[in-house]
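2 protein chains.
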Amino acid sequence: MNWLDLFSDFDGSAGGRPLYRRIVDHLAALIQGGTLPGGTRLPTNRELAALLQLDRSTIARAYEELISMGLIYSHVGRGSFVCDAPQPDRTDAWRDRYSNYGGELKQLMECLPDPSVSSYPGAVISFAAGIPSADSYPEEEFAAIIKTLADGNAGALFKFSPAGGEPTLRKLVLEHLAGRSLKASDGELMILSGSQQGIDLMSNMFLDAGDLVVTEDPTYFWAISNFRAHRARIVGIPLDEEGIRLDMLQAVLQKGRVKFIYLMPSGQNPTGLTMSMERRRAVLELARRYNTPIFEDDFSGDLDYEGGPLPPLRALPGAQSLVVYQGTFSKALAPGIRLGWLVAPAPVVERLNFAKRGSDLSTSSLTQTLLSEFLRRGSYGRHLERINALYAARRDTMLGALERSFGESGVKFLRPRGGLFLWMTLPEGMDARTFLSFSEQEGVSFSPGDICYVGKADPCTLRLSFIQNDTTAIEEGVERLFAAFRKYRRALGVQTIDKTEPEHVLI
Amino acid sequence: MNWLDLFSDFDGSAGGRPLYRRIVDHLAALIQGGTLPGGTRLPTNRELAALLQLDRSTIARAYEELISMGLIYSHVGRGSFVCDAPQPDRTDAWRDRYSNYGGELKQLMECLPDPSVSSYPGAVISFAAGIPSADSYPEEEFAAIIKTLADGNAGALFKFSPAGGEPTLRKLVLEHLAGRSLKASDGELMILSGSQQGIDLMSNMFLDAGDLVVTEDPTYFWAISNFRAHRARIVGIPLDEEGIRLDMLQAVLQKGRVKFIYLMPSGQNPTGLTMSMERRRAVLELARRYNTPIFEDDFSGDLDYEGGPLPPLRALPGAQSLVVYQGTFSKALAPGIRLGWLVAPAPVVERLNFAKRGSDLSTSSLTQTLLSEFLRRGSYGRHLERINALYAARRDTMLGALERSFGESGVKFLRPRGGLFLWMTLPEGMDARTFLSFSEQEGVSFSPGDICYVGKADPCTLRLSFIQNDTTAIEEGVERLFAAFRKYRRALGVQTIDKTEPEHVLI
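Residue numbers (our numbering), protein chains in the order written: chain R, -15 to 491; chain H, -15 to 491.
Derived from the structure by calculation, the hints contain no laboratory data.
Check the hints yourself; a few may be wrong.
Heads up, the list lumps identical chains together, so a pair's fine if it works in one copy or across two of them.
No farther apart than 20 Å at their CA atoms in a straight line, the calculated lysine to any residue pairs in the SDA-like style are these [stated by the list, open to error]:
{"hint": "1", "residue 1": "Lys131", "residue 2": "Lys143"}
{"hint": "2", "residue 1": "Lys143", "residue 2": "Ala107"}
{"hint": "3", "residue 1": "Lys143", "residue 2": "Glu124"}
{"hint": "4", "residue 1": "Lys155", "residue 2": "His59"}
{"hint": "5", "residue 1": "Lys471", "residue 2": "Pro443"}
{"hint": "6", "residue 1": "Lys440", "residue 2": "Asp170"}
{"hint": "7", "residue 1": "Lys155", "residue 2": "Glu94"}
{"hint": "8", "residue 1": "Lys131", "residue 2": "Asp442"}
{"hint": "9", "residue 1": "Lys155", "residue 2": "Ala140"}
{"hint": "10", "residue 1": "Lys155", "residue 2": "Arg360"}
{"hint": "11", "residue 1": "Lys143", "residue 2": "Ala475"}
{"hint": "12", "residue 1": "Lys155", "residue 2": "Thr456"}
{"hint": "13", "residue 1": "Lys90", "residue 2": "Pro331"}
{"hint": "14", "residue 1": "Lys131", "residue 2": "Arg401"}
{"hint": "15", "residue 1": "Lys155", "residue 2": "Met53"}
{"hint": "16", "residue 1": "Lys155", "residue 2": "Lys396"}
{"hint": "17", "residue 1": "Lys471", "residue 2": "Asp415"}
{"hint": "18", "residue 1": "Lys239", "residue 2": "Arg81"}
{"hint": "19", "residue 1": "Lys155", "residue 2": "Ala44"}
Construct the entire structure; sequences and hints are all you get.
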């Protein structure tokens, strides 16, 4: 290749677009036009920089961009090369072959808000995700355990683990559950690669197209999307201050065959609501009466800031054969560890274990061994004490800040006793998606509530996660949120300030 | 509880069943009869041993058994307790609710051979599973890396990872693939929690009930089971010495709409066969002609003992839009690490990433970071050299031993150039399941071939894994296998020894 010739019509001094971008366009045109065929070796950064009399970092940036466009690739020590001629467009032979599930996914993907395109200059404070912040992990103890494990029989950390999980971890998880008054036998337990896997396995095992699933409404987005993608019909039942509404639940159960009821009794996602003990008993009683099984997702059951966790539905008398129960270490411990558990009647577990082999064969031995050792040392109990105190303080900070800022604004919010989330309802006439745009401009984000509804969405609702940030960031984030709120209100032309008392209203 | 009274009719001296077993029966009757209600605290080992004047280890064994029966549970430091009254039988409210998938699973579960009930007194040598042995892992380097990571920013090891995988790992996997002449852009890649997940995601995304999938026949059991469980129709195409038979493949593609062709071109499971270059080109050409996409499972593509790995189908010109390609670190590196990759057209990857979020949200950060560092150091390349030499020696040892023992027996076997497996065919009139029973009595096991067939199974076939044992154990295992073979043959009344030459026949 005569690179000088190929760049003869390149004008580095032309204004407008950044220099690296113009190099990208120039090379992209040469590649896409076929002048540079697949496999062509490009000049090194140094060579092209010398040729064009430009800075090497400009060339490096251009090459990076071309790599991300899929036009060139680089191989350490060998250089950069043109990729094989790309197809004329991004379409593919697979396009018209999606299953119904694959087709549904596309629609679900479009529900999620676009990634922020905020012009906010600094770091955005995110209240969007229910993901614990790194400062909450038992980082030092994990590191110490890892080092001890590496000094021991390291080979065991990489061996194949049985589909149902490592025996030691299984035993310790059963003990942990017994401590929450949930008694289960070994045959009723399986270890999951995180509790989303439990939802997927349960959907696979129990849902055919058209099957009826009952959920709280609103409920967990990734449960809705999984059930929907399996083409189940979902009936959402609203919540009152104690949990899922009994009258409406009964009406649905009476009418016909429901495959299962999916419930999050503690720190419900997205509302943060914890079901009262009385409601727990009543729901189980209804389920027994109509012989309808319950799929209990106790994703944040270990997080409770007022008197300790309530017993799960599965721990109540008569629940053993009716309730499939799952939990996770992702919320109270660390999101990247990807470990959860599921308790079900032994015959269900037997099949779920088989289905898990078809789904991901087994779960990482390394993470299971790490967690086993953490549990064996009794560290999880101590960690829960610490983390419950930490998250309680974050919750209180957020509630306090919201009350100070939004006290007279007509905004309503729930006071969660546990979990990760705080549910907020804007005054009539505002909507959370628009509020999100205003908020992103102010440097704060959250999750709009509409994606969590099964039935008609309340566009005024939104979910704030209070576990992701420290108290300073929470205070700052709520200030930004209120600044966004005032701008939004101003844009709507609302001049009068609503003087009603702040409400801690339960939906 | 007056335990003396409760054991008044217990006769420790009665003959027949073992003592611990009789304690189990006695306590089980008390629990199931309601005399010991849920929550009752049992005597400690020491107390009951003293009471019954028995050894403490006998009591411990009885309690263990009761725990595994789900009748009691124990809590460290608190003692052992009776579980809540179990249901009258093992049935459950979920029983009649399985989906079609859940129903299919049950049938598939019944295909798998029962776990060995061999009376063999020593350790059984297993040639059954395609799972690398612990002595092949880069254990020391893994341990060293883990320690370094633990000393660094340990928090990062437990954070939430993007569904598509850690950026550094993604970049390094693309580089590894480029080294195998497979060029892909960042948007075409996703990281998997092991390659079984790829099969599951692809099934979910592309298969509806009744859809047609073409596979090699025989093929990977867990692929068949996954496709079947999704209620796809599978058409299996036999193999010849170069790979899947072109004439039969063409006949099927001609006839109608095939969703995809699932292929393992290198070290095919279970036959160990590696598709020739010419056949690779021809298969791709056929797929292009009939516009039928290929799902290429390159699970052992990095393992080749004769001249290095052949390029995958995806690396051939014209394959980019047609081939979904996946690979795994479970075979060449360590089975417990649970990491694989998938390359597909960008729009397919976009949806698969979304489906992965619905399936397990994301993959462990810890294992991804460990693997990234291993790749970054260039250690994977060095490991592959070592492991290919090690496995080549094991293959050669097994081939040599088989030839010496079975040379004149009428048994046929394939000589694999790569992968993990060696495919064996017994003489007409024998079958592999019966041979397995004989073999287990001799202290050796393998995988019967029949589970791997899509169409009519050849009952004479079986699969031997040559990577799981060191050369000494392989020699010993093959001797045992031949001892079992002679006993089986004697049982059949075959006295004459077939004097034909040993054959290295390709199926």
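Hints, verified against the model:
1. Lys131 to Lys143: both (18 Å within a copy, 19 Å between copies)
2. Lys143 to Ala107: between (42 Å within a copy, 19 Å between copies)
3. Lys143 to Glu124: between (25 Å within a copy, 14 Å between copies)
4. Lys155 to His59: between (47 Å within a copy, 10 Å between copies)
5. Lys471 to Pro443: within (18 Å within a copy, 75 Å between copies)
6. Lys440 to Asp170: neither (42 Å within a copy, 38 Å between copies)
7. Lys155 to Glu94: For lysine 155 and glutamate 94, the Cα distance exceeds 20 Å both inside one copy (42 Å) and across copies (27 Å).
8. Lys131 to Asp442: neither (50 Å within a copy, 50 Å between copies)
9. Lys155 to Ala140: within (18 Å within a copy, 28 Å between copies)
10. Lys155 to Arg360: Within one copy, since 10 Å is at most 20 Å while 37 Å is not.
11. Lys143 to Ala475: This pair counts as neither: shortest intra-copy Cα distance 60 Å, inter-copy 39 Å.
12. Lys155 to Thr456: neither (40 Å within a copy, 36 Å between copies)
13. Lys90 to Pro331: For lysine 90 and proline 331, only the inter-copy Cα distance (10 Å) is at most 20 Å; the intra-copy one is 34 Å.
14. Lys131 to Arg401: For lysine 131 and arginine 401, the Cα distance exceeds 20 Å both inside one copy (37 Å) and across copies (39 Å).
15. Lys155 to Met53: between (49 Å within a copy, 14 Å between copies)
16. Lys155 to Lys396: neither (44 Å within a copy, 46 Å between copies)
17. Lys471 to Asp415: within (13 Å within a copy, 79 Å between copies)
18. Lys239 to Arg81: between (37 Å within a copy, 17 Å between copies)
19. Lys155 to Ala44: between (53 Å within a copy, 16 Å between copies)
Checked against the numbered hints given earlier, this structure breaks hints 6, 7, 8, 11, 12, 14 and 16; the rest are met.
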